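First to last, the sequence lines map onto chains A and B.
Here the numbering used here is used: the first residue of the first sequence is 1, the next is one more, and so on.
Here the numbering used here is used: the first residue of the second sequence is 313, the next is one more, and so on.
It is worth saying that the hints were derived from the structure and are not from the lab.
Keep in mind it's a predicted model, so treat the numbers as computed, not measured.
Where is the CB? At the ideal position from N, CA and C, for every residue including glycine.
Each statement offered as a hint is correct.
Pairs of lysine to aspartate or glutamate, DMTMM-like flavour, derived with a Cα cap of 20 Å:
1) B:K553 <-> A:D173
2) A:K120 <-> A:E207
3) A:K168 <-> B:D358
4) A:K125 <-> A:D202
5) B:K587 <-> A:D202
6) A:K168 <-> A:D153
7) B:K553 <-> B:D539
8) B:K553 <-> B:D378
9) A:K168 <-> B:D555
10) A:K168 <-> B:E362
11) B:K553 <-> B:D356
12) B:K553 <-> A:D153
From the derived model, a few chain A residues whose C-beta atoms are all more than 12 Å from chain B:
13) G164
14) I230
15) G263
16) I303
17) V307
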Amino acid sequence: MAVLVEEPPVRSAGTPPNRSRRGATGVGEARGRFPTFAIPALVWYGLFMIGPVVAMIVIAFLSWPGMLVTPTFAGLDNFRVLFSDETFWAAVRNSTIQIVVGLPVMIVLAFLLAFHVVQKPRGHKVLRYLLFIPALISAPATAMMFYAMLNPDGLVNGVLATLGIGGKAWLADPATALGALIVVDLWAGIGYSAVLIASRLDGVDGEVVQAARMDGAGSWRLAWGVYWPIARDFIGVVAMLQFLSMLFSSAQNVLLLTQGGPGTATTTLSYLVYQKAFVDTDLGYSQAVGVVLFVLGLVGMFIIRRVLRRTH
Amino acid sequence: MAKPTAGTRLRDRIGSITGGTIAWVYAALLILPFYYFVVSSFKDNDGIFESPLALPASWDLSNFTDAVRQASLGPAIANSAITTVAALVLTLVLALPASFALARATGRAGRIVEALFSLGFLIPSFAALFPTFLLAAAMGLFHTRTFLVLLLPATAMPLAVVILTQFMRTIPRELEEAASMDGASAWQVMRQVYLPICIPGIATVLLLNFLSFWNEYLYALVLIGPDTAQRTIQVALPTLKVDAGTDYGMLMAGTLVTLLPVYLVYTILQRQMQKALVSGAIKG
Chain A
1 MAVLVEEPPV RSAGTPPNRS RRGATGVGEA RGRFPTFAIP ALVWYGLFMI
51 GPVVAMIVIA FLSWPGMLVT PTFAGLDNFR VLFSDETFWA AVRNSTIQIV
101 VGLPVMIVLA FLLAFHVVQK PRGHKVLRYL LFIPALISAP ATAMMFYAML
151 NPDGLVNGVL ATLGIGGKAW LADPATALGA LIVVDLWAGI GYSAVLIASR
201 LDGVDGEVVQ AARMDGAGSW RLAWGVYWPI ARDFIGVVAM LQFLSMLFSS
251 AQNVLLLTQG GPGTATTTLS YLVYQKAFVD TDLGYSQAVG VVLFVLGLVG
301 MFIIRRVLRR TH
Chain B
313 MAKPTAGTRL RDRIGSITGG TIAWVYAALL ILPFYYFVVS SFKDNDGIFE
363 SPLALPASWD LSNFTDAVRQ ASLGPAIANS AITTVAALVL TLVLALPASF
413 ALARATGRAG RIVEALFSLG FLIPSFAALF PTFLLAAAMG LFHTRTFLVL
463 LLPATAMPLA VVILTQFMRT IPRELEEAAS MDGASAWQVM RQVYLPICIP
513 GIATVLLLNF LSFWNEYLYA LVLIGPDTAQ RTIQVALPTL KVDAGTDYGM
563 LMAGTLVTLL PVYLVYTILQ RQMQKALVSG AIKG
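Could you put together the complete structure from these sequences and hints?
Here it is in structure tokens:
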């Protein structure tokens, strides 16, 4: 651990103004200079976070077809392979569907939920308690839950059977597997997003709402005409959070529920990074996808910011 | 705003009904799986498939004991607890002095360091899983929970530093100057002036990271691996899912066991936890 470099504060019984200045420089010597106490955290963060990301970018330009093979410089070869690989484009397609379908649905439903909760209807306290639940549960527990419900003998098919509707192997059918993963995202993401948005809606000025009510605005217009514009910026932040978590961490649910299959029906970009590194051990390829993911994250954040930027 | 017409009134009616319906349908979707889980964890496969929502015939705990034995959940819980607590301590040990320094720094260096930490929110750390794995191997800590204890605080650093720095900024300078006039060293100023005021911030950081450390999956899976003496609960749980012939009652019993500590903390510290989750996300 680093020690703050400073002279020990001298207690001079001298003149008060002088003493006060001396005191200020004593402890505050670091003020304005380098924040020495931050060095351990910075080193730690650099070693375990920045280091691997820099390494990822470097490896993306290496040919490294297996952990025991010595890597060689490959220039843009990995990216050339990537852009002509059908699996990569399938992953781009799946990630795009996941986000373009999942994110707007999640944000709109979360907003309506949040709006409902801040009106303080009956049971709103119970609702607030429940909305946090998905945020508490780990990815494996959530996945096991959906695995138990969506498997051919699970709850969903059981309920459908009592209604006389034939079931499906939801996670093993290429037609429904990606949809099932989006449902998991929605289940897990709506509650937390709603809680976050509600925390902003709580702060909306009561007088504005009162005035709108006086003008005869009902709930629907109040929600979209008053609350939405006010909270728009903030909803953008929530959307960005959920966007990043969908784009970067979808690998967990895919790994736990479908392993990218059937075929490439649920291979997302994030899962492709994992699969190429730890299943196929094509390391250059894997990290090249990682770089693509990084760039897409930045581009997506920029787009969301433009779409949900305050208009007035 | 225009006078309400019959049309808009109808739309408003529909609107308010929609909000309430969405809310309660979603609430039902949050509760139903738990009900299903609890009743299923006392049944065998036949019972689960035939009457998924019926109450179990007997409250037999054998699924729980089987789950704990088959997936070695006992040591897994211990490993998760050790990893989480050690990583939390390390997070504070690193983040507190850093935030203290950043809150007091006025120069350009302070701003640059702070910006560096904020950039961390953009890092797809998971995509860099493979280099992280290489790092673990290079340090000779591959397949140990020790590496996770070292790694997790780094992933938590941006948020922890941002939250704590904000708290420390609220401390009036006079308080610190008074202390320094008394000859206190920077270290003493931090401990005696800054820390007590930061308790709410520290609680937020601890609660948020308790959740994310306890729930950490992919890092734990790849870096600690399958060794039952080292693996955490999140890695142990999915081993109950078998490609052919999963015992669902056991799987659900096991899942409930992993959820227990989190629920316990949430129920006791509901207020603080909710506040932590909201403030943590927004600063991130």
